[in-house]
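Asker: So the sequences go chain by chain: B and S. Under my numbering, the first residue of the first sequence carries the number 1, and numbering increases by one thereafter. Under my numbering, the first residue of the second sequence carries the number 1, and numbering increases by one thereafter.
These aren't lab readings, by the way, just hints derived from the structure by calculation. The model shown is predicted, which means the values in this text are computed figures rather than measured ones. Take the hints with a grain of salt, since some may be wrong.
Sample of chain B residues lacking proximity to chain S, with all beta carbon distances greater than 12 Å (derived) [what the hints assert, rightly or not]:
#1 Ser-8
#2 Lys-52
#3 Ala-59
#4 Arg-60
#5 Phe-87
#6 Asp-136
#7 Tyr-140
#8 Asn-157
#9 Gly-162
#10 Asp-178
#11 Gly-180
#12 Asp-189
#13 Gly-197
Derived pair list, reagent style EDC-like, types lysine to aspartate or glutamate, alpha-carbon separation capped at 16 Å [claimed, not checked]:
#14 Lys-187/B to Glu-108/S
#15 Lys-46/S to Glu-130/B
#16 Lys-131/B to Asp-48/S
Cβ atoms here follow ideal geometry from the backbone N, Cα and C, with glycine treated the same way.
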Amino acid sequence: MSVTEMFSYIQGFLSADQDVREDIRKVVQILEQNAREILTVLQSVHQPSGFKEIPSKCARARELFCTVRTQLADLKTKFPVEQYYRFHEHWRFVLQRLAFLSAFVVYLESETLVTREEVAQILGIEVVREKGFHLDVEDYLAGVLIMASELSRLAVNSVTAGDYSRPLRISNFINELDSGFRLLNLKNDPLRKRYDGLKYDVKKIEEVVYDLSIRGLAKEPESGVDK
Amino acid sequence: QPFLPPSGEGCPRKNADAVQDRDASANPSSPIIAVFKVFQQELDTKHDKYERLVKISRDVTIESKRTIFLLHRVTSVPNAEDILNEADVKLDAVRQKIGLIAEELRGEDIYQFHRAFTAGIQEYVEAVSFLHYIRHRSLISLEEINARLVFMRTEKVDPKGSDEALPLGAQVLTFHVTPSDYLLGVADLTGELMRMCISSVGNGDIDTPFQLSQFLRQIHDGFSYIGNTGPYEVSKKLHTLRQSLGKVEDACYALRVRGSEIPKHMLADVFSSRTTLLDPEEGVV
Chain B
1 MSVTEMFSYI
11 QGFLSADQDV
21 REDIRKVVQI
31 LEQNAREILT
41 VLQSVHQPSG
51 FKEIPSKCAR
61 ARELFCTVRT
71 QLADLKTKFP
81 VEQYYRFHEH
91 WRFVLQRLAF
101 LSAFVVYLES
111 ETLVTREEVA
121 QILGIEVVRE
131 KGFHLDVEDY
141 LAGVLIMASE
151 LSRLAVNSVT
161 AGDYSRPLRI
171 SNFINELDSG
181 FRLLNLKNDP
191 LRKRYDGLKY
201 DVKKIEEVVY
211 DLSIRGLAKE
221 PESGVDK
Chain S
1 QPFLPPSGEG
11 CPRKNADAVQ
21 DRDASANPSS
31 PIIAVFKVFQ
41 QELDTKHDKY
51 ERLVKISRDV
61 TIESKRTIFL
71 LHRVTSVPNA
81 EDILNEADVK
91 LDAVRQKIGL
101 IAEELRGEDI
111 YQFHRAFTAG
121 IQEYVEAVSF
131 LHYIRHRSLI
141 SLEEINARLV
151 FMRTEKVDPK
161 GSDEALPLGA
171 QVLTFHVTPS
181 DYLLGVADLT
191 GELMRMCISS
201 VGNGDIDTPF
211 QLSQFLRQIH
221 DGFSYIGNTG
231 PYEVSKKLHT
241 LRQSLGKVED
251 ACYALRVRGS
261 EIPKHMLADV
271 FSSRTTLLDP
281 EEGVV
């Protein structure tokens with residue numbers, strides 16, 4: 001094989017690779033749009049009027065996840081199933097977003113931590129790599145950390161809206177999450193950096209709880225974690 | 001009304017209490033802690049594999065580099081065949097290491113760990129293509145490289161242990177160099193070829209530079225054809241490649257124009273810097 005033939009072959013390979021990535025990008029763009037719509041629905045819970053409407057907003061979000069499931073099913077068809085990590089960078093961001101949104105919905109509904117399996121179910125994907133398009137454990141954890149930030153904001157806004165007990169429950173929840181994350185041996189990667197932000201969320205929520213308790217505004221926090 | 005300090009300034013006692021309360025609520029039998037223990041194991045397993053691959057890849061890099069240094073000596077010794085045979089042996093050892101990489105990757109998505117071993121593989125491509133060029137004056141193909149990265153692994157051995165017995169459950173393990181790693185290895189090869197050109201001139205060999213010049217030009221043209229569609233590291237290496245090609249082309253020019261005038265032992269000095277090759281008095285081409 002001559003030099004020219006070799007490069008011609010490689011060029012063919014690279015060109016095909018580019019085409020696949022272009023297809024993937026198109027679907028990811030739609031997914032990002034879907035994620036933004038779900039976020040818009042859920043973000044309104046921060047408004048004082050939003051707290052009463054939490055159940056209906058969660059229901060609405062769940063409806064929107066149907067579209068997400070369809071899009072992800074489409075995404076799966078764009079590349080060979082055993083090459084997930086070859087293209088993973090294209091959807092890593094939006095998948096973390098979707099994991100966060102799933103976790104947020106589940107927290108608003110039941111005040112528990114969504115499991116990886118539940119997120120995969122909401123999104124219509126797998127948990128185990130060998131079974132197909134899956135949710136990587138690191139993307140799931142990133143989503144959980146994004147939710148932690150959202151909850152620290154929710155704690156603040158709960159007080160503003162006159163709900164003085166919610167922050168205490170959020171505080172217990174976040175502290176337990178923090179204990180869980182401390183068990184992990186993280187490397188110096190993006191997940192580690194994101195985890196470093198968790199302590200600021202913990203601190204912010206602690207201060208809210210402190211403000212409430214010294215003013216006698218809060219009852220004793222229930223240790224009801226296993227709801 | 002009691003004075004309330006602004007809540008932004010936590011007094012040390014408040015924070016210490018908070019930490020105690022926080023850890024007290026970390027019930028070891030809580031479902032969250034339990035599930036994070038599973039995550040810990042999963043992440044540790046993945047990180048450990050990644051680190052093992054990094055270690056093997058480092059060995060591959062070192063041995064490949066040593067092979068390249070060895071191969072540069074062919075221009076300065078009378079019997080090149082000894083060096084080529086020694087290089088064969090060294091690269092066989094490197095291939096065994098790549099077999100270890102293949103074992104680690106068995107059942108895995110190779111792209112999840114690609115960054116751990118890509119540097120070593122590129123170095124191997126550079127070494128093996130260098131040897132191939134010296135022997136055959138041609139570019140080794142990706143297929144030829146991958147054909148030699150096939151490994152036999154035995155799952156069980158015949159309990160009688162005799163040499164004639166066939167191993168039970170013999171497995172074939174393959175490692176595929178990706179087109180992208182091949183490309184990057186070949187880009188680095190051009191730097192070694194440029195060095196070889198300069199040193200061969202210094203040894204009085206005036207044929208090799210012209211052969212190399214033609215070969216390098218073909219490779220350079222190939223990379224130009226690929227342009228930006230390759231991995232972005234290729235675009236970075238293209239700049240170095242152009243410099244290498246320029247040095248080799250200038251060497252050929254100088255040999256053609258002034259080769260007969262210069263004593264052989266001084267030829268190497270002529271090519272030590274590019275600026276000396278363009279003499280303003282002779283007219284710049």
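Asker: Next, verify each hint and record whether it holds.
Answerer: Hint-by-hint comparison with the structure:
no., hint, result
1, Ser-8, "violated (8 Å)"
2, Lys-52, "holds (28 Å)"
3, Ala-59, "holds (26 Å)"
4, Arg-60, "holds (28 Å)"
5, Phe-87, "violated (8 Å)"
6, Asp-136, "violated (9 Å)"
7, Tyr-140, "violated (8 Å)"
8, Asn-157, "holds (16 Å)"
9, Gly-162, "holds (18 Å)"
10, Asp-178, "violated (7 Å)"
11, Gly-180, "violated (3 Å)"
12, Asp-189, "violated (10 Å)"
13, Gly-197, "holds (17 Å)"
14, Lys-187/B to Glu-108/S, "violated (20 Å)"
15, Lys-46/S to Glu-130/B, "holds (15 Å)"
16, Lys-131/B to Asp-48/S, "violated (23 Å)"
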